[in-house]
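These protein sequences, in sequence, are chains A and B. FYI, the numbering for the first sequence is 1 to 357, going by the numbering used here. FYI, the numbering for the second sequence is 358 to 1237, going by the numbering used here.
Quick caveat, the hints were computed from the structure, so don't treat them as lab data. Mixed in with the good hints there might be a few duds.
Here are the computed lysine-lysine pairs in the BS3-like style, where the Cα-Cα straight-line distance is at most 25 Å [stated by the list, open to error]:
#  : chain 1 : residue 1 : chain 2 : residue 2
1  : A       : K124      : B       : K1027
2  : A       : K346      : B       : K486
3  : A       : K346      : B       : K561
4  : A       : K346      : B       : K757
5  : B       : K850      : B       : K812
6  : B       : K416      : A       : K211
7  : A       : K124      : B       : K701
8  : B       : K415      : A       : K211
9  : B       : K415      : A       : K346
10 : B       : K690      : B       : K757
11 : B       : K997      : B       : K1105
12 : A       : K162      : B       : K698
13 : B       : K404      : A       : K124
14 : B       : K986      : B       : K751
15 : B       : K419      : A       : K211
16 : B       : K799      : B       : K810
17 : A       : K162      : B       : K701
18 : B       : K482      : B       : K419
19 : A       : K124      : B       : K400
20 : B       : K1027     : B       : K1105
21 : A       : K124      : B       : K1105
22 : A       : K124      : B       : K641
23 : B       : K1105     : A       : K346
24 : B       : K415      : B       : K404
25 : B       : K812      : A       : K211
Pulled from the structure, derived: some chain B residues nowhere near chain A, Cβ distances all over 12 Å [stated by the list, open to error]:
#  : residue
26 : A375
27 : I630
28 : P855
29 : E1077
Even glycine gets a Cβ: it sits at the ideal position worked out from N, Cα and C.
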Amino acid sequence: MDPAALIPAPDAISVPWGWFYVLLMLTFLLHILVMNAMLGGGIIALISAFRGGEQNTLLGKEFGYKWPYTIAFAVNMGVAPLLFVQVLYGQFIYSSSILMAVWWFSIFGLLILAYYGAYIYDFKFEALGNPRIFMLQFSVFILLFVGFLFSNNMTLMLQPEKWQAYFNNGGGTLLNLSDPSLYPRYLHFVVGSVAVAGLFLALVGHFRFTKSTVNREFLIDQGMTYFTYATAAQIIIGIWFLIALPKNVMMVFMGGSSYGTILLLLGIILGFAALYIGYKKRVVMASAITLVTLVAMVFMRDLVRIAYLEPYFQLSDLVVEPQYSPLIFFLVIFAIGLALIGYMLKLAFGCRKEVTK
Amino acid sequence: MNYPVWELTTFGGGFIIALVAIVHVLVSHFAVGGGLYLIMLEKKAYKDEDAGLLDYVKKHSKFFLLVSMVFGGLTGVGIWWTIALLNPAATSSLIHTFVFGWAAEWVFFVGEIVALFIYFYTFGKMDRKNHITVGWIYFICAWMSLFLINGIIGYMLTPGAWIENHNFWSGFFNPTFWPSLIFRTGISLTLCGVFGFITAAFLKDETLRQKIMRTCAAWVGIPFILMISGGWWYFKAIPEPAISIILEKSPAMADYLLLLAWVMPILFIASMIMAIRLPQGFQKVFSFVIVAIALVYFGAFEFVREGGRHPFVIYDHMYANQVYVKDVPEIQKAGFLPAAKWSKHNQVTDANLLETGRDLFKFQCSACHSVDGYLNDIKPLVAKYNNVFGMDSKLNGLGKLNQYMPHFMGTREERWALATYIVSDLNQINDLNMGNPVVETKDLPVTIPPFDKEKDEYVLLAWNNLGMHCISDSDPFWILLPPANDIYAQLVKRGDSPEIITEGVEISYQVQEGFEYPEKQVRFWEFADKLLGADLAPGVGVGGLKVSGVMKLEEDHRAFTAPFVPVVPYPADGSYNPYPIFTITAKEKDTGKVLMTTKTVAPTSTEMGCKNCHGGEWRVAGVAGFSDKTSLDVLEAHDKNSGTNLVERAKNGEPMLCQSCHADPVLGTKGDPELLNFPAAIHGWHANFLTDREGMQACVACHPSRPDGPTQCFRSHHSEFMDCTNCHGTMEDHSLTLLKKEHEAGKKGAARLMENLQPRAVETVAEINPRTPWINEPDCLTCHEEFGMGMTTDAFNTWTEGAKDLYRNRHDQMEAMMCEACHGSTHAVYPATLNKLGTNRDSIQPLQYQGNDRPIGNDCTVCHTVQPEFEAHHPNSLRL
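Let the hints inform the model, and build the full structure from the sequences given.
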């Protein structure tokens, strides 16, 4: 059977695809930033708990304060890119989700558990005592597992040639385990999250956003150390990921497309730069470089998707039935939303200063 | 059909979405109203400088954060997750149509989360006014998210002008937008009180606790008015036919509406009880009880709202099974499987029948029906179908008369495959004969009475006037025809000019041995008073006659008749015999001298195939008769579809005659003048389930005319080259003739039954000639022009003008002999050699009087002692 025959017909879009593409890239970047802080922070807190000692415990407590926020925003910032990816690639992601429906369906239940776990860890940090490590493990492993499921779906949606497995198993328990790129891809995200979370903790220290009595210097030092080691590992995992990709996809970054090749080179150069700056423990500079690297990575990730789907689909295939007023409505709401958030943050920081005084 | 389907079986049928959705909507509405509750209480605490109350507000805000943001937020994502898995096509459609609506809603979610975090974590640390402002921002963001989702959810039920113009705003501000918004805002505020009971109940300070309990009761009570008025307006704003589906047509809706009607006041009263000073232990437990009541209430409402969308997921745009309305005509023509990207096969073959049937079930049915599951389990719904034909017919009629389900979408072969899967796999029945065994022809002995052409002075002709009289022996439940066979006789005195004798003679009839006690075979007499309003002694028919007796003269016909002889097709040995023989004897009244004796069959059958679709088995000898199961199901279907209480009546020992409501010329019942006459109703209804059938396939499903069946009522030589449809039309055509007449008479029900019937013999309904049943019937002379040899076999759509023109009532042109006297009964006109019980059974008189099976008069000297020269009876009678 021709795999292309399985691909559902897409629905029409209301404005040219570029709008959705920009929104997808932007909101995915936001999601990945917060998600990294959430997942990587949990991993760092867990490692710190294993390492023990007063400062490590305080680091765990400090992250505990931040954890529920990161989960709330990781989920929330995930909504928008998932919305836009459904607009652009719905026919792929709906299909692959159904193939692994049981796993996919379990995600929001698992997240509720992880979320409440994080709140218990936060609210009952002292009361729980040492056994809090179980709570931490509970939520971290759930989040790691959820991430693994995401990696499965994000790769399965790109490979209609694998979808025929549905005819032997329609119960929604499929995964994409046979894909050699799945594992480096997943690791790339997990280890990357540790790097970003290290940076996040260092930033908390740097900008005095601490709530616990953790030593700021310790927080910055530890954060930057996690960042540096994880970034070093990322370079190796990234290469593994690259060579695990199918040849036609890999070649996009190896001369096949100058845009892709430049992005990869940029990524590598920035990676090494981040490594150096991280080693020097320059928090703000490292953050800036990381942000640019992440932007490059987000676009590279999208190039991988485009290359996988190239035999089947181009975004320009989508039929446009233009209606601009809803877009304008959204942009206005978006602006109002940003203003409101800015205003509320101003109030919040204002009161923080009052309290500090 | 565009997407794969998650095979859920047990948890299918909307179970998962119901579970996630009901929990989510409860919490998410709480998340909207709860913001206002916090602000109002916080303001009050500031105003009264009430530290206790302020402390409560802070505690409640933590509870609120954990319930609304964590659980509410994630179950909200969960709903999206769930619908994308269960109905990706609809999800995709909603996403693509309203993408910027969703995106705007997301902005408000972000605002909600930021505001709630700040509100909670700065409680007591922020300037009071600013803190309240943050609270207000939370509430506004939360309410705006309701505003946005309300537009999209409302669109699914009432897309309004969007269907035509596909404009975002037309869909968003749809006909139920505002009432639904008011209703939901009311619910949101009510729920703050409901959830407030929980946090209040755990307060240690007795005074404060009771005070907040009362506050919460007020928060339930006052918005209740908003909720009820919004809800009422909402119901009023739902257009037809959705509102009818909610209120009348959907079988499950009634339960949910009833639940809603009960739970709403219970919620109110339970909340008001909380305003009373009560012990804390009780308050703690009861606060959770109230949340549970609210959950049930919301669940019932959601079921009703979603139920109203039947059979669509997006009204008039997409069916619940993910098929776009616009795609249906092409699917009906080219088939479902070629269009279903994720089905294994793209056409039905003998080898893949079950597999394709299973796929069709998956793609067309499983969206709403689970298998062995908790919601809409398909198994009990199809359990009665013990044969593929019945199931196939049910699918044939799906969505036509009751619009809460879609039509079956696909070809005849695909429908058959689906029916085969349901019957063989789900019902585990594999009976190719559908419980209707092939019955071989027998040759039961018939003694032909003697006739001596030289000596005998009289010719006695006798017949049954219908050729077949059906009986529904479903007596304890209902009947449509009682045992009532009409026997006719004409006595001719032979001579140069033969004479019909009507005076001075007595003509008696006597049923054959074994059939003397019909009252021992059927339960008709137990229920005759209820069924017919006549108190009949056992064995006595509607006309006061028994199975043996004396015939009366009917002067108009110059014939003797025995009306409504209650013979049944069950001899005492427990077998089935639809052709009992009656002996007819003519005697001289004064002397008692026997003038002539003859015999005739009184064809009578209980082989009515209701059980083919209504379930159950044959009651007698495995070939005929109504089992209780079949009879009851017929009533259940009638009750369900027409809102009657026939099952209840039957169970109370008060079965009904169908024709007591549905007028019927043959029984002479007037019925309810609003309702369709009986033949129009029964044919018109069932025609929707029996369209496009070849030959007499549809007819034999119900009537005893199956060629390999035990009765085969059509037994004249005509049956060798014609079937029922040549004279009566196909099921659709036949029904349309009856319905059209009723429609013209202004009967309301006719249009609904006609809507999905396409005429087959003619192009349009306009060409159908309407008719009154039993009066306007096929006319022999349509084919047999001028009594000649038939040159066509198409007698449909030309009807006799009146009752007197019917073959069974008609006479020769001298108004002497009745047509049937010489030509035999309808459906068994001579030569009628195809009787299942023997070639001679329907030809006794031709054999007796002229030694062959031709019409009487084939040899004129049967009656005429001198060969006549003129065609006095009818043209061509002498074949000159």
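Against the structure, the hints:
{"no.": "1", "hint": "K124(A) to K1027(B)", "result": "violated (81 Å)"}
{"no.": "2", "hint": "K346(A) to K486(B)", "result": "holds (14 Å)"}
{"no.": "3", "hint": "K346(A) to K561(B)", "result": "violated (36 Å)"}
{"no.": "4", "hint": "K346(A) to K757(B)", "result": "violated (62 Å)"}
{"no.": "5", "hint": "K850(B) to K812(B)", "result": "holds (12 Å)"}
{"no.": "6", "hint": "K416(B) to K211(A)", "result": "holds (21 Å)"}
{"no.": "7", "hint": "K124(A) to K701(B)", "result": "violated (54 Å)"}
{"no.": "8", "hint": "K415(B) to K211(A)", "result": "holds (20 Å)"}
{"no.": "9", "hint": "K415(B) to K346(A)", "result": "holds (22 Å)"}
{"no.": "10", "hint": "K690(B) to K757(B)", "result": "holds (17 Å)"}
{"no.": "11", "hint": "K997(B) to K1105(B)", "result": "holds (19 Å)"}
{"no.": "12", "hint": "K162(A) to K698(B)", "result": "holds (15 Å)"}
{"no.": "13", "hint": "K404(B) to K124(A)", "result": "violated (33 Å)"}
{"no.": "14", "hint": "K986(B) to K751(B)", "result": "holds (18 Å)"}
{"no.": "15", "hint": "K419(B) to K211(A)", "result": "holds (19 Å)"}
{"no.": "16", "hint": "K799(B) to K810(B)", "result": "violated (31 Å)"}
{"no.": "17", "hint": "K162(A) to K701(B)", "result": "holds (15 Å)"}
{"no.": "18", "hint": "K482(B) to K419(B)", "result": "holds (15 Å)"}
{"no.": "19", "hint": "K124(A) to K400(B)", "result": "violated (30 Å)"}
{"no.": "20", "hint": "K1027(B) to K1105(B)", "result": "holds (17 Å)"}
{"no.": "21", "hint": "K124(A) to K1105(B)", "result": "violated (70 Å)"}
{"no.": "22", "hint": "K124(A) to K641(B)", "result": "holds (24 Å)"}
{"no.": "23", "hint": "K1105(B) to K346(A)", "result": "violated (69 Å)"}
{"no.": "24", "hint": "K415(B) to K404(B)", "result": "holds (16 Å)"}
{"no.": "25", "hint": "K812(B) to K211(A)", "result": "violated (130 Å)"}
{"no.": "26", "hint": "A375", "result": "holds (14 Å)"}
{"no.": "27", "hint": "I630", "result": "holds (32 Å)"}
{"no.": "28", "hint": "P855", "result": "holds (80 Å)"}
{"no.": "29", "hint": "E1077", "result": "holds (50 Å)"}
Checked against the numbered hints above, the structure breaks hints 1, 3, 4, 7, 13, 16, 19, 21, 23 and 25 and satisfies the rest.
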